[in-house]
Amino acid sequence: MVERLPSVLIIDENTTRASIIEAGLSAAGHTRVTVINEMHGIAAKIALHEPDVIVIDLENPNRDMLESIFQLSRAVKRPIAMFVDRSDTEAMQSAIDAGVSAYVVDGLRQERVKSILDMAISRFNAFSRLERELEEARGALEERKVIDQAKGLIMKSRGVDEATAYKLLRKAAMNGNRKIVDVAESLVMSARLLGDEGK
Amino acid sequence: MMTELSAGFLPLTDSAILIAAKERGFAHDEGIALDLVRETSWANVRDKLAVGQFEIAHSLAPMPIAANLGLTPFDTRLIAPMALGLGGNAITVSNRLLAGMKQQQDFTMLNAREVGAALARHVRAGLREGRKRLQFGVVHPFSGHNFELRYWLSASGIAPESDIEIVILPPPLMADALATGQIDGYCVGEPWNTVGVAKGAGHIVAAKSSIWASSPEKVLAVREDWAEENPATLHALLRALYRSAEWCGQPENHADLADMLASPRYLGQPAGVILPALDGSILRPSATGRTDPAATPDFFQPHSRAATFPWQSHALWFYSQMVRWGYVDHTAEHASIARHTFRPDIYRSVLSAIDVPVPSANSKVEGALSRTIAVGASSRVLYLGPDGFFDGSIFDPDRLDAYIESQKA
Numbered sequence: 000m001v002e003r004l005p006s007v008l009i010i011d012e013n014t015t016r017a018s019i020i021e022a023g024l025s026a027a028g029h030t031r032v033t034v035i036n037e038m039h040g041i042a043a044k045i046a047l048h049e050p051d052v053i054v055i056d057l058e059n060p061n062r063d064m065l066e067s068i069f070q071l072s073r074a075v076k077r078p079i080a081m082f083v084d085r086s087d088t089e090a091m092q093s094a095i096d097a098g099v100s101a102y103v104v105d106g107l108r109q110e111r112v113k114s115i116l117d118m119a120i121s122r123f124n125a126f127s128r129l130e131r132e133l134e135e136a137r138g139a140l141e142e143r144k145v146i147d148q149a150k151g152l153i154m155k156s157r158g159v160d161e162a163t164a165y166k167l168l169r170k171a172a173m174n175g176n177r178k179i180v181d182v183a184e185s186l187v188m189s190a191r192l193l194g195d196e197g198k
Numbered sequence: 000m001m002t003e004l005s006a007g008f009l010p011l012t013d014s015a016i017l018i019a020a021k022e023r024g025f026a027h028d029e030g031i032a033l034d035l036v037r038e039t040s041w042a043n044v045r046d047k048l049a050v051g052q053f054e055i056a057h058s059l060a061p062m063p064i065a066a067n068l069g070l071t072p073f074d075t076r077l078i079a080p081m082a083l084g085l086g087g088n089a090i091t092v093s094n095r096l097l098a099g100m101k102q103q104q105d106f107t108m109l110n111a112r113e114v115g116a117a118l119a120r121h122v123r124a125g126l127r128e129g130r131k132r133l134q135f136g137v138v139h140p141f142s143g144h145n146f147e148l149r150y151w152l153s154a155s156g157i158a159p160e161s162d163i164e165i166v167i168l169p170p171p172l173m174a175d176a177l178a179t180g181q182i183d184g185y186c187v188g189e190p191w192n193t194v195g196v197a198k199g200a201g202h203i204v205a206a207k208s209s210i211w212a213s214s215p216e217k218v219l220a221v222r223e224d225w226a227e228e229n230p231a232t233l234h235a236l237l238r239a240l241y242r243s244a245e246w247c248g249q250p251e252n253h254a255d256l257a258d259m260l261a262s263p264r265y266l267g268q269p270a271g272v273i274l275p276a277l278d279g280s281i282l283r284p285s286a287t288g289r290t291d292p293a294a295t296p297d298f299f300q301p302h303s304r305a306a307t308f309p310w311q312s313h314a315l316w317f318y319s320q321m322v323r324w325g326y327v328d329h330t331a332e333h334a335s336i337a338r339h340t341f342r343p344d345i346y347r348s349v350l351s352a353i354d355v356p357v358p359s360a361n362s363k364v365e366g367a368l369s370r371t372i373a374v375g376a377s378s379r380v381l382y383l384g385p386d387g388f389f390d391g392s393i394f395d396p397d398r399l400d401a402y403i404e405s406q407k408a
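For the protein sequence lines, the chains are A and B, in the order given. Quick note on numbering that gives the first Met the number 0: the first sequence kicks off at 0 and runs consecutively. Quick note on numbering that gives the first Met the number 0: the second sequence kicks off at 0 and runs consecutively.
So that you can see chain A by itself, here it is in the shape it has in the complex:
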C-alpha cells in the first residue's frame, strides 16, 4: 500500500521565505502544501485544511495563540502535539537555531515528519544567510558613501585633492587604531553637528 505524504501547512508572515519552503517541499514530492501569510481567521483556516504537520516561524507573535488552538482541538477533534520526539533535543536545538518550530498530528511516525522539518530548517537557514548577505552588501554601499563624504569634507577644509584626503583619513584611523569608516563617520557626524555650511 502506498502511504500518502503528510499534508503540510506553513504559517509564515514572510511570504518570500514561505514560498522557498513550499518550493522545497514540492520538489521533494509533497503535493499537499498550503501557505498562510495572514493570521486573520487562522483557527478556521487550520480547521479547513486539517494539516498533519504545521511549520511556523519563531518570530510569529501568535505562537501562544496557535498552541492553544491545538490544545483545544486535542479535546474535540484530531490531536495535535508538538513535533519533536521529547528525547530528541538536538533536533529541537537546530530547529530553534534556525528560527522554526513545527507541530504534528499525534501518532504520525517520526521518520515521516523528520524530512519535512529538515527541509524547513535548511531553507530557513538558507534564507537567513541570504538576508545577511544582502545586509552586508547594503552595509558596504553605506560605508563607501560615508567615506566619500568624509573625503569631500577634508578636501574642502584643507584644500587638498582626493588622494591626499584619503591618506589623511587612513592615517587618522591608523593612529587611533580604528576603522577608516568609523573615523569617516565621526567626521561627517561632527561636521553636521557643527554646521559645516557655516564655515
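Hints in this document: simulated from the structure, not taken from any laboratory. A quick note: this is a predicted structure, and the numbers were derived from the prediction, not measured. All C-beta atoms, glycine included, are put in the ideal place defined by N, C-alpha and C. Hints are not guaranteed to be accurate.
Under 8 Å between C-beta atoms, here's a sample of chain B residues computed to sit facing chain A [to be verified]: (1) Val-36; (2) Arg-37; (3) Thr-39; (4) Ser-40; (5) Trp-41; (6) Ala-42; (7) Asn-43; (8) Val-138; (9) Pro-140; (10) Leu-168; (11) Pro-169.
From the structure, some residues in chain B lie toward chain A, with a derived Cβ separation under 7 Å [as the list claims (entries may be wrong)]: (12) Asp-46; (13) Val-50; (14) His-139; (15) Leu-381.
Fit chain B to the known structure of chain A by using the hints.
Frame of chain A; chain B shown alone:
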C-alpha cells in the same frame, strides 16, 4: 571575570527587575553580564530555555510548573528560585461592554465583587436574549491572567467555558483587538491595559490586586540542571536581582525606571503609559466611574511584602487551578512536583546570608491576612499581606484536596 547569562523576556512592565539589574549595574556588581533578549511569545521563551539558548527567563509563574508536569514539549525540568514581583495585571473591558454592565447595575470601578456582579447580570441577560457570547483575551493558558480571570468569573457566577469564551492573544495585539471589537475584554500585564485605555478602546475594571491581593505573577525560571551545575552564578544572580527589586520598589526611582523600560530595546512604549503601573496611579478614578482605593492598595509590588519570595503555596494554588480547569489530573505526585518547582530553600539560603529578611516558612495560608502585618523572619522585620481573595475564600495549602474538591463543578 564576568559570567555571561542570556535571559529571555517579554515586553511587560514586570520584566523591570531583570532590566534594571542590567541597566543599573546590579548584575555587573555581582560579576554577571546580562544579555537580555526580547521575545515575541511565551512559547519561544519556554523552548529557548529548554534547549539552552537562554540560561534564565522572565516567565509566567505557572509555566515551569506546567513544564515539570509534562504539559509542554520538553522533558527539561525547570525551577523558580525567585519571584519577580506581586500583582501587575488588570482586566480591561470595551467601552461597549462597560456601558452594558452599567445598564444592569451601578458598581465601583476596581471593586472586583461589584464589577463581577454587574458582568454576571450582563452575561445572563445576553444568554437569555441569544446574543453572541462575550470573548475575553488572555496571553497564555498557563498564566496568572488565565487563572485569575477564571477565578474571578467563577466566583462571580459566570462559567468561563460556557457563558463566555476565553481566547489567547499576544499582549501587544490586545488593545487593537478590543478597539476593533474582536474581543470584549482582556486580562493582561501592564503596560497593555494602560495602552488600551490611552487608545480609547476601553476601561480598566479590575486589577489583579483587587481579585487576589499580593498575588504571584512572574518568576525567574532556570533549568534545574543548570542551577545544580552553576550554584555560584545562580546565587550571584539572586543577589543582583534582589538589589534590583529593592531599587525598582523605591518610589523616587519610578520615573527613571519608566524611562528605562520605555527604550525600544525593552518595551518600546512611551514612559507615560508605563509609569501608572509603577507609581500606582493606574488605580486613580477614571472619567467613567468612582474607584475604590481601599480595595487595591498596591497594583504592582516589585519588592515589598516579600514580593520576590517564591512561596510554595503560590505554586500549589496555580496547580489547583490547572486541576480545576482540566489541564492535569490531581495526584499526590503531581502536587509534589508543582510544590517543588518553586524553590524557597535556595532563595532563603542565598539571601539570609546577606542579612536580608526572608520568610521562615515555605508556604502560607492565602487569604489569612486582611491587612499588612509584621511577621517573624530569619532576620529583621518583614511585612506581609494583605493576601486575601476578593470573595473571602481561603486557600490552605495543607488542605489542598479539600480545596480542589470544593471547586469541582
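Cross-check of the supplied hints:
Look at Val-36 (chain B): its Cβ only gets to about 12 Å from chain A, farther than 8 Å, so that hint breaks. A least Cβ separation of about 11 Å between Arg-37 (chain B) and chain A goes past the 8 Å threshold, and the interface hint is therefore violated. Residue-level restraint check for Thr-39 (chain B) holds (minimum Cβ-Cβ distance to chain A is 4 Å; threshold 8 Å). At about 4 Å, the closest approach between the beta carbon of Ser-40 (chain B) and any beta carbon in chain A falls short of 8 Å, and the interface hint on this residue holds.
Given the 8 Å rule on beta carbons, the hint for Trp-41 (chain B) holds: about 5 Å separates it from the nearest Cβ of chain A. For Ala-42 (chain B), the shortest C-beta to C-beta distance to chain A is roughly 4 Å, which falls under 8 Å, so the interface hint holds. At a threshold of 8 Å, the smallest CB-CB gap from Asn-43 (chain B) to chain A is about 5 Å, leaving the interface hint in force. The criterion of a C-beta within 8 Å of any C-beta in chain A is met by Val-138 (chain B), whose closest approach is roughly 6 Å, and the hint holds.
Checking Pro-140 (chain B) against chain A: minimum C-beta separation of about 6 Å stays under 8 Å; hint holds. Hint status for Leu-168 (chain B): holds, given a least beta-carbon distance of 6 Å to chain A, under 8 Å. With its C-beta approaching chain A no nearer than about 4 Å, Pro-169 (chain B) sits inside the 8 Å limit, and its interface hint holds. A cut of 7 Å between beta carbons decides the hint on Asp-46 (chain B): the least distance to chain A is about 6 Å, and the hint holds.
For Val-50 (chain B), the shortest C-beta to C-beta distance to chain A is roughly 5 Å, which falls under 7 Å, so the interface hint holds. Hint on His-139 (chain B) holds. Least Cβ distance to chain A is approximately 5 Å, under the 7 Å limit. Annotation: Leu-381 (chain B) was flagged as interfacial toward chain A, and the flag is violated, the nearest CB pair being 36 Å apart, outside 7 Å.
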